[in-house]
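First residue of the sequence shown: 1, per this note's numbering; consecutive thereafter.
Mixed in with the good hints there might be a few duds.
Derived PhoX-like pairs (lysine-lysine); straight-line CA-CA distance at most 20 angstroms [unchecked claim]: (1) K12 x K34; (2) K43 x K12; (3) K34 x K13; (4) K55 x K40; (5) K55 x K43; (6) K10 x K40; (7) K43 x K10; (8) K54 x K34; (9) K51 x K40; (10) K10 x K51; (11) K23 x K13; (12) K40 x K13; (13) K43 x K54; (14) K12 x K23; (15) K40 x K12; (16) K13 x K55.
No lab work stands behind these hints, which were simulated from the structure alone.
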Amino acid sequence: MQETESFEGKMKKLEEIATELEKGDLDLDTSVSKFEEGMKISKECSEMLEKAEKKITMLIKGENGELAEENFVQNEE
């Protein structure tokens with residue numbers, strides 16, 4: 001799988017794998033292989049989303065009533 005594949009492309013591939021697994025007509029080895037591939041793609045999608053979140057900025061209203069941009073900060077627990 002290409003590193004430059006889009007998020008949407010990865011999600012489409014993940015959906016295809018899920019459909020194949022749901023059919024239930026794959027042998028065990030193939031099912032496990034498809035599951036592993038799906039988990040890898042899922043992790044890549046999560047990483048892409050995390051990177052996107054870090055780029056998001058929010059508009060906040062300051063004390064003077066003017067709007068200002070602020071970096072999106074996710075609370076980490």
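Assess, step by step, whether the Cα of K23 is no farther than 20 angstroms from the Cα of K13, and give holds or violated.
holds (16 angstroms)
Tell me if the straight-line CA distance from K55 to K40 falls inside 20 angstroms.
violated (23 angstroms)
Given the hint that K43 pairs with K12, does the C-alpha gap stay at or below 20 angstroms?
Holds. K43 to K12 sits at ~14 angstroms (cutoff 20 angstroms).
Distance restraint between K12 and K34, which requires alpha-carbon spacing of 20 angstroms or less
holds (14 angstroms)
K54 paired with K34 [C-alpha distance capped at 20 angstroms]:
violated (31 angstroms)
Need the status of pair K34, K13: alpha-carbon distance at most 20 angstroms?
holds (11 angstroms)
Pair hint outcome, K10 versus K51 [Cα-Cα no greater than 20 angstroms]
Holds, at roughly 15 angstroms.
Hinted pair, alpha-carbon criterion (20 angstroms max): K40, K12. Please report holds or violated.
holds (14 angstroms)
Holds or violated: K43 and K10, Cα atoms, limit 20 angstroms.
Holds: K43 and K10 sit about 10 angstroms apart, inside 20 angstroms.
Given the proposed pairing of K12 with K23, does the C-alpha separation stay at or below 20 angstroms?
Cα-Cα ~17 angstroms, so holds.
Holds or violated: are the alpha carbons of K13 and K55 at most 20 angstroms from each other?
violated (25 angstroms)
Quick one, are K40 and K13 close enough, alpha carbons at most 20 angstroms?
holds (11 angstroms)
The structure fails to meet hints 4, 8 and 16 from the earlier list, while all remaining hints are met.
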